[in-house]
Amino acid sequence: THHRKSKTGPAGSPPSVSIFEALAPGPTLAPAPAPGPGGSHHHFDGDSQVKDFITTLIHYGGYNELADILVNLTSLATEMGRLVSEGYVITVLAPNDEAMGRLTADQLAEPGAPEQIMYYHIIPEYQTEESMYGAVRRFGKVNYETLRLPHKVAAEEADGSVRFGSGEGSAYLFDPDIYTDGRISVQGIDGVLFPMEDVKASRMVKKKVVAKRRGNSTN
20 THHRKSKTGP
30 AGSPPSVSIF
40 EALAPGPTLA
50 PAPAPGPGGS
60 HHHFDGDSQV
70 KDFITTLIHY
80 GGYNELADIL
90 VNLTSLATEM
100 GRLVSEGYVI
110 TVLAPNDEAM
120 GRLTADQLAE
130 PGAPEQIMYY
140 HIIPEYQTEE
150 SMYGAVRRFG
160 KVNYETLRLP
170 HKVAAEEADG
180 SVRFGSGEGS
190 AYLFDPDIYT
200 DGRISVQGID
210 GVLFPMEDVK
220 ASRMVKKKVV
230 AKRRGNSTN
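Just so you know, we're using our numbering here: the sequence shown kicks off at 20 and counts up by one.
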């Protein structure tokens, strides 16, 4: 079998630069190789695949808020399409509508907040429910890289499933393998995840607000 010689390498093999370099300046980390359906001569149309997974999400039901963020509120769908076309693989931890409904106006108010939230839910590896559950069963706890550098999302086994995050900010793998095509994997979860630093900062703000209120009530 002869492989085409090109700068980017044949489709189905890992790209020459890391997904972080393709997305934005960051550390050099080799992307996980994809199974590469169709062989080395297969061309990946990332835009079509992203549209396909978003359509699948909508038809699946319960993920309209996420689809809206990806398509209308941010340019993430376009960005994901570009990355997939260039040969990268991604796993999306998709919060369901109920989880998205628990987000506060403050959490979404800051410029770029929806993008930052979503980047934390995108893992630059191709993972299925079976591979993630197998990993947490074997290793106990796994820290996955996310596109929100330098933050990682922790996963562990809990109640016969995979739980991401910890404490109040955790989420369970709720709807496994909503979409899996060898390049994009979508795993439904029942919560919105935040890096531990963000969770701690938000707790500090809440404590200050409560302390202020208590101070006012004693006057």
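Just so you know, these hints were derived from the structure itself, not from any lab.
Predicted model only: the values in this text are computed from it and were never measured.
Think of the CB as a built atom: it goes at the ideal place given N, C-alpha and C, for glycine as much as any other residue.
Careful, some of the hints might be misleading.
To be verified - Mimicking EDC-like on lysine to aspartate or glutamate, the simulated pairs with C-alpha atoms at most 16 Å apart in a straight line are:
1) Lys160 <-> Glu134
2) Lys171 <-> Asp194
3) Lys171 <-> Glu216
4) Lys70 <-> Asp87
5) Lys70 <-> Glu40
6) Lys171 <-> Glu144
7) Lys70 <-> Asp200
8) Lys160 <-> Asp178
Said to hold, decoys possible - Using C-beta positions, here's what the derived DEER-type ranges look like:
9) Glu187 <-> Asp116: 16 to 24 Å
10) Ile77 <-> Ser180: 33 to 41 Å
11) Asp125 <-> Arg157: 34 to 42 Å
12) Gly186 <-> Glu117: 12 to 20 Å
13) Thr147 <-> Ala177: 15 to 23 Å
14) Tyr79 <-> Pro169: 28 to 36 Å
15) Gly131 <-> Asn83: 20 to 28 Å
16) Glu129 <-> Pro169: 18 to 26 Å
17) Gly186 <-> Asp125: 13 to 21 Å
18) Ala177 <-> Asp87: 24 to 32 Å
19) Leu92 <-> Asp66: 26 to 34 Å
20) Ala124 <-> Arg157: 18 to 26 Å
21) Ala124 <-> Gly153: 37 to 45 Å
Hint check results:
1. Lys160 <-> Glu134: Given that 16 Å is the threshold and the Cα spacing comes to 26 Å, the pair is violated.
2. Lys171 <-> Asp194: Violated, because 21 Å separates the two Cα atoms, which is more than 16 Å.
3. Lys171 <-> Glu216: holds, 11 Å
4. Lys70 <-> Asp87: Status holds; Cα separation ~12 Å.
5. Lys70 <-> Glu40: Violated, at about 24 Å.
6. Lys171 <-> Glu144: holds, 13 Å
7. Lys70 <-> Asp200: holds, 13 Å
8. Lys160 <-> Asp178: holds, 14 Å
9. Glu187 <-> Asp116: 16 to 24 Å: holds, 20 Å
10. Ile77 <-> Ser180: 33 to 41 Å: About 24 Å separates the Cβ atoms of Ile77 and Ser180, which means 33 to 41 Å is violated.
11. Asp125 <-> Arg157: 34 to 42 Å: holds, 39 Å
12. Gly186 <-> Glu117: 12 to 20 Å: With a Cβ separation near 19 Å, Gly186 and Glu117 satisfy 12 to 20 Å, so the hint holds.
13. Thr147 <-> Ala177: 15 to 23 Å: holds, 18 Å
14. Tyr79 <-> Pro169: 28 to 36 Å: At roughly 32 Å between Cβ atoms, Pro169 and Tyr79 fall inside 28 to 36 Å, so the hint holds.
15. Gly131 <-> Asn83: 20 to 28 Å: holds, 22 Å
16. Glu129 <-> Pro169: 18 to 26 Å: holds, 19 Å
17. Gly186 <-> Asp125: 13 to 21 Å: The hint (13 to 21 Å, Cβ to Cβ) holds, given that Gly186 and Asp125 are roughly 20 Å apart.
18. Ala177 <-> Asp87: 24 to 32 Å: Holds - the Cβ-Cβ distance for Ala177 and Asp87, about 29 Å, lies within 24 to 32 Å.
19. Leu92 <-> Asp66: 26 to 34 Å: Cβ of Leu92 to Cβ of Asp66: about 18 Å, so the range 26 to 34 Å is violated.
20. Ala124 <-> Arg157: 18 to 26 Å: violated, 41 Å
21. Ala124 <-> Gly153: 37 to 45 Å: With Cβ atoms ~39 Å apart, the hint holds.
Checked against the numbered hints listed earlier, the structure breaks hints 1, 2, 5, 10, 19, 20; every other hint is satisfied.
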